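Following the hints, position chain B against chain A.
Protein sequences, first through last, are from chains A and B. Mapping the first sequence onto the working numbering, position 4 (from 1) lands on 4, and the numbers just tick up by one. Mapping the second sequence onto the working numbering, position 282 (from 1) lands on 282, and the numbers just tick up by one.
One or more hints might be untrue.
Some chain B residues close to chain A (C-beta under 8 Å, calculated; not the full set) [stated by the list, open to error]:
id	residue
1	71
2	72
3	134
4	141
5	149
6	157
7	161
8	164
9	361
Keep in mind that the hints were calculated from the coordinates and are not lab data. Please read all numbers here as calculations on a predicted model, not as lab measurements. Ideal Cβ positions, reconstructed from N, Cα and C, are used throughout, including at glycine.
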Amino acid sequence: MQLSRPPIQPIAPVFLDALPNPLLPEAVCPRRTRQQLDLMLLAIEALDLGGAEAMLAAAKELDLQSVIKNRVSFWRLRATNPLRRYSQRRPLTLTEAKALVFMTCHLARRMTVLIRQMLLVYDQLLEKQLPLDQHIRLGNYLERFRAHFRSRMNPKRTAVIAYNSDEKLNQLAMSLLGQLLFCTGAAGAQRFWSSLFDGEAS
Amino acid sequence: MTIQRQYSLPNCQLVIEGLSQDTADTSGRPPISVVTHVECRVAGHDRPLLGGKDLLESLVKAVSAYAQEYLSGIPHPAAHLKHRGIPELVQLQRIDTNLHRLTVQPQIDNPTGKDKAKLYQMPTTPAAQLDLTTVQLFDMVEAVDQFFADAQTLPELSLNLTPLSKRFAAAQEPIAKRALPAALGLSSLTVAAIALFYMPNPPNRRPQPITANPVLTNPLASATPSPPGSAAPSASTVAVNPSASVSSTLVSPSASPASVAVSPSGSLSVSPVGSPSVTTSAAIASPSGSQKLDTLLSTAPEIIDPGKLDSIIVALQSKLYKGWIAKPPQSFTTNLEYRVGVAENGDILGFKFANDAALTYVKETPLLDLRYNSAGATPTSPAPVAQLLVIFRPDGILEISPWNGTTANSP
Numbered sequence: 001m002q003l004s005r006p007p008i009q010p011i012a013p014v015f016l017d018a019l020p021n022p023l024l025p026e027a028v029c030p031r032r033t034r035q036q037l038d039l040m041l042l043a044i045e046a047l048d049l050g051g052a053e054a055m056l057a058a059a060k061e062l063d064l065q066s067v068i069k070n071r072v073s074f075w076r077l078r079a080t081n082p083l084r085r086y087s088q089r090r091p092l093t094l095t096e097a098k099a100l101v102f103m104t105c106h107l108a109r110r111m112t113v114l115i116r117q118m119l120l121v122y123d124q125l126l127e128k129q130l131p132l133d134q135h136i137r138l139g140n141y142l143e144r145f146r147a148h149f150r151s152r153m154n155p156k157r158t159a160v161i162a163y164n165s166d167e168k169l170n171q172l173a174m175s176l177l178g179q180l181l182f183c184t185g186a187a188g189a190q191r192f193w194s195s196l197f198d199g200e201a202s
Numbered sequence: 001m002t003i004q005r006q007y008s009l010p011n012c013q014l015v016i017e018g019l020s021q022d023t024a025d026t027s028g029r030p031p032i033s034v035v036t037h038v039e040c041r042v043a044g045h046d047r048p049l050l051g052g053k054d055l056l057e058s059l060v061k062a063v064s065a066y067a068q069e070y071l072s073g074i075p076h077p078a079a080h081l082k083h084r085g086i087p088e089l090v091q092l093q094r095i096d097t098n099l100h101r102l103t104v105q106p107q108i109d110n111p112t113g114k115d116k117a118k119l120y121q122m123p124t125t126p127a128a129q130l131d132l133t134t135v136q137l138f139d140m141v142e143a144v145d146q147f148f149a150d151a152q153t154l155p156e157l158s159l160n161l162t163p164l165s166k167r168f169a170a171a172q173e174p175i176a177k178r179a180l181p182a183a184l185g186l187s188s189l190t191v192a193a194i195a196l197f198y199m200p201n202p203p204n205r206r207p208q209p210i211t212a213n214p215v216l217t218n219p220l221a222s223a224t225p226s227p228p229g230s231a232a233p234s235a236s237t238v239a240v241n242p243s244a245s246v247s248s249t250l251v252s253p254s255a256s257p258a259s260v261a262v263s264p265s266g267s268l269s270v271s272p273v274g275s276p277s278v279t280t281s282a283a284i285a286s287p288s289g290s291q292k293l294d295t296l297l298s299t300a301p302e303i304i305d306p307g308k309l310d311s312i313i314v315a316l317q318s319k320l321y322k323g324w325i326a327k328p329p330q331s332f333t334t335n336l337e338y339r340v341g342v343a344e345n346g347d348i349l350g351f352k353f354a355n356d357a358a359l360t361y362v363k364e365t366p367l368l369d370l371r372y373n374s375a376g377a378t379p380t381s382p383a384p385v386a387q388l389l390v391i392f393r394p395d396g397i398l399e400i401s402p403w404n405g406t407t408a409n410s411p
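Bound conformation, chain B alone:
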């Protein structure tokens, strides 16, 4: 008994003829289990697509895959790819924004069944092409969907939709295009390496002590690398520029500790009178003024009150932590120990290196930045100073304790 099923849409008609194996079921619609003839007519195209089960299977697969491609914009391999070197029987391609080309290849392999022989009846040679508009394509998809939804026609075929996996999306770009950035990076690295190979190593120059003004020159400047913008350059500024305003940045005028003398030849000499406050400001100005710190500590009264020390330590700790976080990640691996002189208000008046690593990695600590700047300040009398031991640990922990240990009268 031949059964015919029709799925009709305004622009597309899918007709499936077949046989039912289930002869017992005579009531209602017996299921089609063997397809003998398939016909697909598209409005505006005279010649229908004729074929058997192969055409039907290929058609629904390609149409379904192409619909997914149309919705997502990512090429679906089942809609156009060749299968084992042989092009799929039905393929769909986009040829314009609103046009889709359906190509039906003639059968290549030898037909074995009666239904396959009918494929040769396709009047087109070598391949049939139909250009579908988006609406026509949709009607074809809809016909296919209605066929899938019909459980009484080829129940073993059902709509199977799965999203494409990542590798298909990645395959959109040709491999040459994807390899280009990597190749470009690698070749520029090579070129840079070759170019830099012929460049001479920069000479390792240590900072020279400035002899123009021996009075202001830091005695330690030659032994320790001083950071830019610290004592040595500013001293030279004073020596070169004979203006009182500049010299006041180093030596506060109200304290008038230094006598400024302009010689007839135009050279400027600044000499400190030697009052304790001058010593203080000089120690402050110098980043590596360890000897000045000693002087400072010998002249200024030391804070030994444990309560005051505690509050100073707390203030200093938060200050240093803030400064330290702003620094780039540290590279030192040993503890950096500093002897730090701190004013009662938490200002760092000066510091001294307590170990070698502390000297090497001083730029990685915030001490230089947080050093109290004497400019504009008017230290009238030696302020009391607390002596603290500050240890920067490589694991990012800061330890601060009184230099002389806890004082005897502390609880």
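Bound-form chain A, shown alone:
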């Protein structure tokens, strides 16, 4: 049976236009953008046990439901990350990416205190040369991040093989945590958005 074309796509919220469209050869997100967006969300999930639910709730709060309709469509957006085990071969449009950026910043802002605290603890532990899992919350975050990363990323990918040890994954988790802190700022969404296309714009 031939299905008729779906009805006209619901119009994306106007506030997404606050982020300017970068000058790209094609109007879809490059590889690094898709990868970074998914990893940032992965870090949020590792920070917050109910992160996945919070993300869907945030989509509702931010009125992003025209872009992120449900759990499945959200997963499909995140699975455009090429490192994923079940990576989707669909493109990620700029509108979808903007929605993910706003969601990331919204969730990061809520956890500002926690993120700051963990980064300060990280500095102290490095200074005293103590193992990172000395601190319970930081240790939990790192452990959950490693588990999430290993269960969802395709171990055959070269980029994933590069993170073959706990130390390397911890380092990735900490750098993502620092990047999340920058998302909490006044111009966090703009800064994060612009950084996503570094080295890709023409």
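Chain B alone, transformed into the frame defined by chain A:
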């Protein structure tokens, strides 16, 4: 009237003092349009950064660029590069995973204004260095962002974020590293070319007719290049290996057309009796059995019923197309014409070359592969044969038509 604005974060305090040109606006917050003094204090560092407008402009530019670099991991030129040979006033560098070094160069050019003279009051020589943790850096970025967001302080300065273009990403790898693969490829090509230059050309040997068993030898083998694994090698197998099972691959035992005789000296001779079925199987076995095809055609009844011919043509066409697609791309430029004998079920019993190109490029057609293999088959009586003209066109189109044209009684 001097106005002071403060942007305070837990780890960083940015203080901007300036004058308002807009004297009319006395209510609320008058905008600062001229900066006289800038102070940036970072927690844990006793000495603040002091300066004027130059420091402010350079600071916000470097901090903003470095924040982008931190987020993307791609070095941002505005954060560390020298500007026309003179290092930027403020530079930021990553020195560890969680440490960032902020360097403030002393002013080099001659100060012309009163505010620039204050730069010399910076107590550090030659350059001030602050090591910031990630949280401190973030607070500094945040102070800068709040300053940008404040429309009443230097409204002409605003946050301007643009992604870096491709050339900056490409510049990450040094040119020597990028040129290495190309150089390596080129030099290995040269070495291979020199080595191959001294190698002798391989002699052009045509396949020799096998005389060990003249009965089984294909009379055309010497004239036509026979593909490996076809008549000539298999004939030699029979001649060398005196076992009945091998000979049965060529000559089916149930038809018993050949008399196998083992001489006392151990040599084996196989001679066909001369029944029509033998002729058929021999023609099938030979890839270039054009003469055998003639024999076959003269002995077997020809299919002339147009309905049957049509169905045979259709079956043959799909078969050949499938085989042809699996072949590497063809190199011939003229039509290859073959006269093909086809059984009623679509099996190719034999074929004959109808033009010279057909002989040269026979390996590019699927005919040899699709040739009906006689092994194990038991042709009891001459099967009816359809004679077809098959043309392989260089543009990938296959034309099949009855050899004798459409028969008279066809509609």
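Now for the hints, and whether the structure bears them out:
1. 71: holds, 3 Å
2. 72: Since the shortest Cβ distance to chain A is 4 Å, the answer is holds.
3. 134: Holds: closest Cβ of chain A sits about 5 Å from residue 134/B, inside 8 Å.
4. 141: holds, 6 Å
5. 149: Holds - the Cβ of residue 149/B comes within 8 Å of chain A, reaching about 6 Å at its closest.
6. 157: For residue 157/B, the interface hint is violated, since the closest Cβ of chain A sits about 13 Å away, which is over 8 Å.
7. 161: holds, 4 Å
8. 164: holds, 4 Å
9. 361: Because about 40 Å separates residue 361/B from the closest Cβ in chain A, which is outside the 8 Å limit, the hint is violated.
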